[in-house]
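Construct all of the structure, not just a fragment, from the sequences and the given hints.
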Amino acid sequence: MDVKSCVNLWVQPTRGLMDEKFVVLVQNVLPGSQLTVRAFHRCEDGHSWEAFAHYNANTSGTVNVAEDLSLGGTYSGVEPMGLLWSLRPVPGSKPGLRMRKMNVQTPMEVTISVYQGHQTEGFMDQEPLAGVMVERWYMAPGVRRIPITEGGLSATLFLPSGPGPFPGLLDLWGGGGKLVEYRAALLASHGIASLALDYLTPKITMEKGKMVDNQYFETAYRVLQQHPQILGSRIAMLGLSFGTSVTLRMAAYSQVLKPRCAVCISGSHVQPVDGSLEQVMVFFAENAVKTRFSEQDEVIWRDLLQPIPTDPTLKVDQVGRIQCPLLLVVGEDDQNWPALESAMDMKEMMERAGNSHLLTVLSYPNAGHLIEPPYAPHARASSFRSVSTGIKVMALWGGETAAHARAQEDAWRKMLVFLKANLYGGTNPGAASLSNL
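In the working numbering, each residue carries its 1-based index in the sequence shown increased by 19.
Bear in mind the hints are in silico, worked out from the structure with no lab data behind them.
Cβ coordinates follow ideal geometry from the N, Cα and C atoms, glycine included.
Be a bit skeptical, because a hint or two may be false.
Derived CB-CB ranges, DEER-like [said to hold, decoys possible]:
| # | residue 1 | residue 2 | range |
| --- | --- | --- | --- |
| 1 | Gly136 | Lys222 | 52 to 58 Å |
| 2 | Pro184 | Asn47 | 26 to 32 Å |
| 3 | Gln298 | Gly141 | 43 to 49 Å |
| 4 | Gly115 | Gly141 | 20 to 26 Å |
| 5 | Ala307 | Lys197 | 20 to 26 Å |
| 6 | Pro328 | Gly141 | 50 to 56 Å |
PhoX-like, lysine-lysine: derived pairs with alpha carbons at most 25 Å apart [claimed, not checked]:
| # | residue 1 | residue 2 |
| --- | --- | --- |
| 7 | Lys439 | Lys366 |
| 8 | Lys411 | Lys229 |
| 9 | Lys309 | Lys277 |
| 10 | Lys197 | Lys222 |
| 11 | Lys411 | Lys113 |
| 12 | Lys277 | Lys439 |
| 13 | Lys277 | Lys366 |
| 14 | Lys197 | Lys411 |
| 15 | Lys197 | Lys113 |
| 16 | Lys40 | Lys439 |
| 17 | Lys277 | Lys433 |
| 18 | Lys433 | Lys366 |
| 19 | Lys222 | Lys411 |
| 20 | Lys197 | Lys229 |
| 21 | Lys309 | Lys411 |
| 22 | Lys40 | Lys433 |
| 23 | Lys227 | Lys366 |
Below you can see the structure in the form of C-alpha cells.
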C-alpha cells in the first residue's frame, strides 16, 4: 500500500489573520507511527525559515497538533501554534535574522507538510507525505491602506472595513526607524483605525538632516482627529521601545495630544523631559559607556537607563498626572531596556499621585524585548542598526522562545480588550480598562 496516497493533511483555516489560530490534523496514517510536521516560509528578503515537531499517531492513525504532544523539534509539548512561533532560519542562514513583514498587502505564506519518521534535517531532500499552503494576513478583507504625506509626515493610515466612524490609534515603533506597518494593519483588522508613523527616518529628516520635533507627532495626531471616518475624541497611542519614550512624553506634556488611552510595550519613562527628540537620543548615547556584551558578543543596552533616576528632570515626572488609562507591557528578561524597573517606578509615581487606578501592568517572566503580535517568531538576538549611531550590531533582546510566545499571545489579547474598552467604552474609561484583563 502506498502510504503517501492515503495520508490526509487538513489545515483550517488555510487563510486567516496573523493572530488567528489554525488547526493542523494528520489522518489516515498507521496507528503509533512516527511523524514530523513541518512549517516552511520564505521571507520577502529571500531567507527561509522552518519549524518542525515530532508526533506519534494515536490508535486511530491521527495527529492533532492542537491537542497532541510534540516529543521534540523546534518546540515540545502541546502547542497549537508552535509551528509559527518557533520558526527559525534554516541551517546555513546568515546570523542575526529577524522576521518582519514588509508588504502587508500580501500574505505570509507558510507550507505545512508531514514527513514519515522523526526528522530533524534534510527536509529539502525528502518528499513529504502531504503538504498544504497556508496564508496569514495582517490586513483583513476591506481594510484600506492609505499613504499619508500631508504636513511632512511619513505615515500610513489603515482604515477598517466599513463606513465608520472608527476609534483611532497612533502607532510608534522603536529606535531602528523606518515605516513599520504590520501592527497597524492588524489593529485596523480589529476595528481600530491606525496610523503607522515613521518619526526617526521620515522623508523630511532625510532631506533636511534634522530630527523632527514635537509638532510632528501633533500633526500626526491631528490627521487622525480630523479624518471624517475617525472619532476624534477616541484616539489611543501605542509605543514600543523608543516609541514608549515618545508616547509617555507626549501624553504627559503635549497640549494637543490628549489620548483616550495609551499602551507602552518594553520601554521606559527615563529621558530628559525638556529635551527635543534629538536631545533624548543624545542622552541615551551619553550613557553608552554602560553597554555590556553577552558571551556571544551581543550588545546589551538595558543598563543605559539604570539605575532609574530620582531626579525628576530625567524622567517623565508628570507620568503620575497622566489622565488616561495606561497599559504597560513588560518582558522580565528584556535585555534592551529596563522595562520592568521603569514600570515599577511609574507605578509608585502614579500611586503617589492618586492615579494608580488608571495603570495596568502586564509583566511576563522569561519574555524579552520584542513583544510582537501573536505567533511572530521570537528573535532572542538579531542584527540591528540604531538610527542614533548608524552602526550595525548584534543586539540581545532576551526572552525564552516558548515563554515569549505565550507573552505575545496573552499581551495582544489583553491589549485589544484594553483598547476596545477605552475606545468604545463610556465617558469614564478608567474602570472599564481593568475589567476584562
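For this session: For the pair supplied as a hint, Lys433 and Lys366, confirm whether the alpha-carbon distance does not exceed 25 Å.
Result: Given pair Lys433, Lys366 holds - Cα atoms ~19 Å apart, limit 25 Å.
For this session: Could you say whether the range 26 to 32 Å given as a hint is met by the Cβ separation of Pro184 and Asn47?
Result: About 51 Å separates the Cβ atoms of Pro184 and Asn47, which means 26 to 32 Å is violated.
Exercise. Between Pro328 and Gly141, does the C-beta distance stay in 50 to 56 Å?
Worked result: Cβ of Pro328 to Cβ of Gly141: about 54 Å, so the range 50 to 56 Å holds.
Exercise. Regarding the pair Lys411 and Lys113, is the alpha-carbon distance no greater than 25 Å?
Worked result: holds, 15 Å
For this session: Sort out whether Lys222 lies within 25 Å of Lys197, counting only the CA atoms.
Result: Roughly 10 Å between the alpha carbons, so the hint for Lys197 and Lys222 holds.
Problem set entry | Restraint status (C-alpha distance of Lys197 to Lys411 at most 25 Å) | holds, 15 Å
Exercise. CB of Gly136 to CB of Lys222, is that within 52 to 58 Å?
Worked result: Holds, at about 53 Å.
For this session: Starting from Lys309, check that the Cα of Lys277 is at most 25 Å away, please.
Result: violated, 35 Å
Exercise. Is it true that the CA of Lys277 sits at most 25 Å from the CA of Lys366?
Worked result: holds, 21 Å
For this session: Would you mind confirming whether the straight-line C-alpha gap from Lys411 to Lys229 stays at or under 25 Å?
Result: Between Lys411 and Lys229 the Cα gap is close to 21 Å, so the pair holds against 25 Å.
Problem set entry | Given pair status - Lys433, Lys40, alpha carbons within 25 Å | holds, 16 Å
Exercise. Straight-line Cα separation of Lys277 and Lys433 no greater than 25 Å?
Worked result: Between Lys277 and Lys433 the Cα gap is close to 22 Å, so the pair holds against 25 Å.
The structure shown violates the earlier hints numbered 2, 3, 9 and 23.
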